[in-house]
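**Student:** Here's the letter readout for the chains.
4 protein chains.
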Amino acid sequence: MYSTKKIILSLLIIIVLSAFTSQDTPIKIVFFGDSITQAGVNPGGYIDKMKTMLEKQGIKDKYQLIGAGIGGNKIYDLYLRYEEDVLVHNPDMVVIWVGVNDVWHKTSFGTGTDADKFERFYVTLLKKLQARGIKVVLATPAAIGERTDFSNQQDGDLNRYSQIIRDIAAKFDCPVADFRKEFLKYNLEKNATNKEAGILTTDRVHLNDVGNQLVADILMKILIK
Amino acid sequence: MYSTKKIILSLLIIIVLSAFTSQDTPIKIVFFGDSITQAGVNPGGYIDKMKTMLEKQGIKDKYQLIGAGIGGNKIYDLYLRYEEDVLVHNPDMVVIWVGVNDVWHKTSFGTGTDADKFERFYVTLLKKLQARGIKVVLATPAAIGERTDFSNQQDGDLNRYSQIIRDIAAKFDCPVADFRKEFLKYNLEKNATNKEAGILTTDRVHLNDVGNQLVADILMKILIK
Amino acid sequence: MYSTKKIILSLLIIIVLSAFTSQDTPIKIVFFGDSITQAGVNPGGYIDKMKTMLEKQGIKDKYQLIGAGIGGNKIYDLYLRYEEDVLVHNPDMVVIWVGVNDVWHKTSFGTGTDADKFERFYVTLLKKLQARGIKVVLATPAAIGERTDFSNQQDGDLNRYSQIIRDIAAKFDCPVADFRKEFLKYNLEKNATNKEAGILTTDRVHLNDVGNQLVADILMKILIK
Amino acid sequence: MYSTKKIILSLLIIIVLSAFTSQDTPIKIVFFGDSITQAGVNPGGYIDKMKTMLEKQGIKDKYQLIGAGIGGNKIYDLYLRYEEDVLVHNPDMVVIWVGVNDVWHKTSFGTGTDADKFERFYVTLLKKLQARGIKVVLATPAAIGERTDFSNQQDGDLNRYSQIIRDIAAKFDCPVADFRKEFLKYNLEKNATNKEAGILTTDRVHLNDVGNQLVADILMKILIK
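Chains as they are written, first to last, in the working numbering: chain A, 4 to 228; chain B, 4 to 228; chain C, 4 to 228; chain D, 4 to 228.
Any given hint could turn out to be false.
The list treats identical chains as interchangeable, and a pair is accepted whether it falls inside one copy or across any two copies.
[Stated by the list, open to error] With a cut-off of at most 25 Å between alpha-carbon atoms, the simulated DSS-like pairs for lysine-lysine come out as follows: (1) K174 x K198; (2) K198 x K120; (3) K228 x K31; (4) K131 x K120; (5) K188 x K130; (6) K184 x K131; (7) K120 x K224; (8) K65 x K8; (9) K198 x K184; (10) K120 x K130; (11) K65 x K224; (12) K174 x K65; (13) K224 x K8.
These are computed hints drawn from the structure, not numbers from a lab.
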């Protein structure tokens with residue numbers, strides 16, 4: 004279908020473009036998650052903060068950070084769209100950060116995810132990514148409410164689903180960004196009056212500036228070597 | 004690895020067995036569903052009744068009916084196990100009968116299925132089966148409660164999810180066993196006192212003998228030509 | 004504490020004010036309900052529309068319409084506040100319009116009201132009001148979604164809870180403003196495309212201008228003789 | 004209204020009746036709660052165990068223990084039946100033990116109790132009992148699941164509702180049987196493998212023999228002086 008001339012022209016274009024491209028292709032990292040990650044690409048969001056941090060370290064060209072968060076997503080939403088929203092980027096690394104809605108939607112819509120199905124879909128998704136040679140980092144759901152005495156309504160489930168994620172990470176040899184643990188630790192230090200929100204979140208779930216910075220710091224340590 | 008003698012012996016066994024086997028391989032039909040289908044293979048269950056009906060018609064060797072129902076299954080449970088529980092049989096036809104738990108679990112566990120995800124998983128599963136050349140028959144969820152005035156708690160959702168199934172069937176050119184419609188029709192005739200259960204079900208959901216017979220009759224018309 | 008002069012002055016003021024007041028004290032009607040009634044007192048709301056209608060009929064001084072709606076209220080919220088919010092007005096009539104949240108909160112918060120408890124609290128509240136000689140008008144919950152084929156998620160429960168209200172009305176000899184029935188009737192005529200909202204509601208639940216007018220019309224017929 | 008003769012007659016009757024009554028009337032204690040308390044009167048149940056303990060101490064005639072538990076009860080169920088099931092006994096003391104279903108029914112039926120309504124009904128009930136001069140002991144809900152790492156689904160709410168009860172107790176000067184705290188303490192010692200059930204409960208909620216004994220021991224210390 005293509006004439007020889009067209010093929011030669013195409014090859015020339017590729018050669019010329021390559022000359023202007025850094026020889027080291029950047030490491031592509033996709034952040035795959037829910038509304039927290041969707042907001043992460045906004046100015047001041049955790050992905051935006053990571054870009055700024057990379058720039059300050061003078062290594063911004065070595066990494067390409069891609070946000071792939073959609074509000075309301077549960078594990079099986081990620082499963083249903085990983086091909087078109089993650090694989091399409093041909094990433095080197097993927098951070099899966101999900102779980103809040105799997106737990107929360109139990110009482111807000113009646114459509115949360117059973118713990119055993121959460122694990123099934125999580126493992127299925129993880130295997131698909133690992134089969135492509137992608138390095139996958141798992142993240143635990145941080146919080147629905149910041150009270151430190153385990154009296155937030157979803158604390159039980161968040162602890163349980165976080166443990167499921169930690170167990171999967173151990174089994175499949177993935178690093179873990181343990182936001183559940185880190186957020187509790189931070190709140191135990193800074194949230195002396197047992198407030199529901201305002202320490203790391205604006206509304207019990209979504210990150211305020213301090214929360215975005217904490218998440219960015221934790222992810223930088225894991226992702227950027 | 005095998006000696007010539009062993010191979011010859013195996014071939015002889017196959018030939019002898021074939022002599023006792025009908026030359027026409029039976030049409031394999033897998034019934035893929037939840038607890039209603041799980042109970043369908045029990046004596047008096049709808050699958051068992053169909054076998055008896057086939058026997059009376061003298062055509063029991065022409066069909067192989069296989070139950071693949073598991074209690075509590077929702078559409079995404081079917082999706083997660085269709086390879087090992089359906090494709091493994093290499094069936095000619097599959098009846099998908101699911102939906103009750105997708106709706107019911109909203110209030111009984113907080114883990115029902117969102118309507119849009121129900122459709123997504125349903126279509127994904129259907130395409131996988133059709134891609135194998137399997138003829139797929141869709142079935143609507145019959146009932147959670149038999150009151151005829153649309154005052155059963157899940158009537159709204161059952162009507163909606165049934166319509167989603169009918170729309171998928173139309174789009175993908177599948178026959179529909181419209182149990183939702185047929186159960187209502189039957190109850191409008193026979194359930195004059197607006198009882199919650201006892202007409203076609205034992206407990207608002209699972210089939211009594213009359214319900215099993217009605218389901219068997221409807222499926223026979225669609226499946227057996 | 005008060006000087007004799009002040010007392011005399013007060014008495015004079017009362018006498019003068021009385022001269023300007025109609026000798027016939029107005030009939031006091033309290034509208035007791037949820038967010039729909041809370042919005043009813045806004046300009047264009049159903050209570051506001053009724054006031055305008057009374058004015059046009061030249062009988063606005065004969066009736067005093069008092070809104071007592073609070074967003075999110077369920078039957079037991081009404082029960083918990085009927086003394087301070089209803090009895091305090093010493094009303095002649097009370098319209099109880101509740102039920103949407105008792106049903107809706109089942110899936111939106113996990114804190115809906117069991118059908119049998121709904122009835123218990125409803126009857127308890129009704130008896131308390133009737134014991135005071137108050138004429139009580141009962142109203143059925145209109146809609147959560149305007150689709151006409153009973154495929155709105157809560158249709159089953161709304162039909163059931165409406166029937167509970169009708170049965171209580173019959174037993175305790177109360178007029179019924181059957182909004183559930185009237186809204187369906189209106190939608191069957193005007194909602195040919197089976198839309199979820201926009202016919203009588205703005206958002207499936209809260210009244211648009213047409214909805215407020217329909218409610219006002221129905222209540223005028225029942226309340227104003 | 005009463006004649007002097009009638010008054011004198013009444014007084015005489017009272018005096019005569021008193022002569023036939025034991026001088027030490029037993030202290031009446033009503034246990035007011037849900038299925039856990041309903042089972043408490045069975046042989047080996049916590050109320051039955053308390054009776055045995057009183058007998059061993061030789062003081063069984065000093066106390067009358069009355070079970071008033073009904074399966075599935077939430078705080079507002081207690082409110083709806085306190086007159087006929089508690090006041091009717093004219094008790095000296097009442098133990099209110101409720102909360103499990105207020106939390107649990109959120110996901111099992113969609114009809115749990117909002118935290119603020121839980122408090123409202125609890126305080127209303129408590130005031131009604133205290134107004135009768137009854138000494139009221141409050142009890143926190145023990146467990147829905149015995150895992151010790153706060154990963155039981157309802158742990159967050161159970162902790163929150165328990166704190167509401169403790170706060171009410173402090174405000175209204177009531178002793179607290181803090182089963183929530185005591186059950187966790189016991190499990191931290193004896194449930195090294197983080198089991199869901201089998202330590203103090205048979206099924207995550209209802210008491211096994213060890214659980215009944217622990218409850219009986221705690222209540223004896225508070226009730227029997």
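**Student:** Please sort K188 with K130 into within, between, both or neither, judging by C-alpha distance up to 25 Å.
**Tutor:** neither (31 Å within a copy, 40 Å between copies)
**Student:** Could you figure out if K65 and K224 sit no more than 25 Å apart (CA to CA) within one copy, between two copies, both or neither?
**Tutor:** For K65 and K224, the Cα distance is within 25 Å only inside one copy (15 Å; across copies 64 Å).
**Student:** Between K184 and K131, at a C-alpha cutoff of 25 Å, which is it: within one copy, between copies, both, or neither?
**Tutor:** Result: close neither inside a copy nor across copies, 27 Å intra and 40 Å inter.
**Student:** Taking 25 Å as the upper bound on the Cα-Cα distance, should K198 and K184 be classified as within, between, both, or neither?
**Tutor:** both (17 Å within a copy, 22 Å between copies)
**Student:** Can you give me the call for K174 and K65, within, between, both or neither, at a CA distance of at most 25 Å?
**Tutor:** Answer is neither: 30 Å inside a copy and 47 Å across each miss the 25 Å cutoff.
**Student:** Since the copies are identical, ignore which copy is meant and state whether K120 and K130 lie within 25 Å (CA to CA) inside a copy, between copies, both or neither.
**Tutor:** For K120 and K130, both the intra-copy (15 Å) and inter-copy (22 Å) Cα distances are at most 25 Å.
**Student:** Please work out whether the CA atoms of K228 and K31 approach to 25 Å or closer within one copy, between two copies, in both situations, or in neither?
**Tutor:** Within one copy only: 14 Å inside a chain, 56 Å across chains, cut-off 25 Å.
**Student:** With 25 Å as the alpha-carbon cut-off, assign the pair K131 and K120 to within, between, both or neither.
**Tutor:** This pair counts as both: shortest intra-copy Cα distance 16 Å, inter-copy 20 Å.
**Student:** Using 25 Å as the alpha carbon limit, work out where K65 and K8 are close: within a copy, between copies, both or neither.
**Tutor:** neither (35 Å within a copy, 54 Å between copies)
**Student:** Classify it for me, K120 with K224: is the Cα-Cα distance of at most 25 Å met within a copy, between copies, both or neither?
**Tutor:** Neither way: K120 and K224 sit 31 Å apart in one copy and 36 Å across, limit 25 Å.
**Student:** First find the shortest C-alpha distance between K198 and K120 inside one copy, then the shortest across copies, and answer within, between, both or neither for a cut-off of 25 Å.
**Tutor:** between (32 Å within a copy, 21 Å between copies)
**Student:** At most 25 Å between CA atoms: does that hold for K224 and K8 within a copy, between copies, both, or neither?
**Tutor:** neither (49 Å within a copy, 58 Å between copies)
Comparing the model with each earlier hint shows violations of hints 5, 6, 7, 8, 12 and 13; every other hint is respected.
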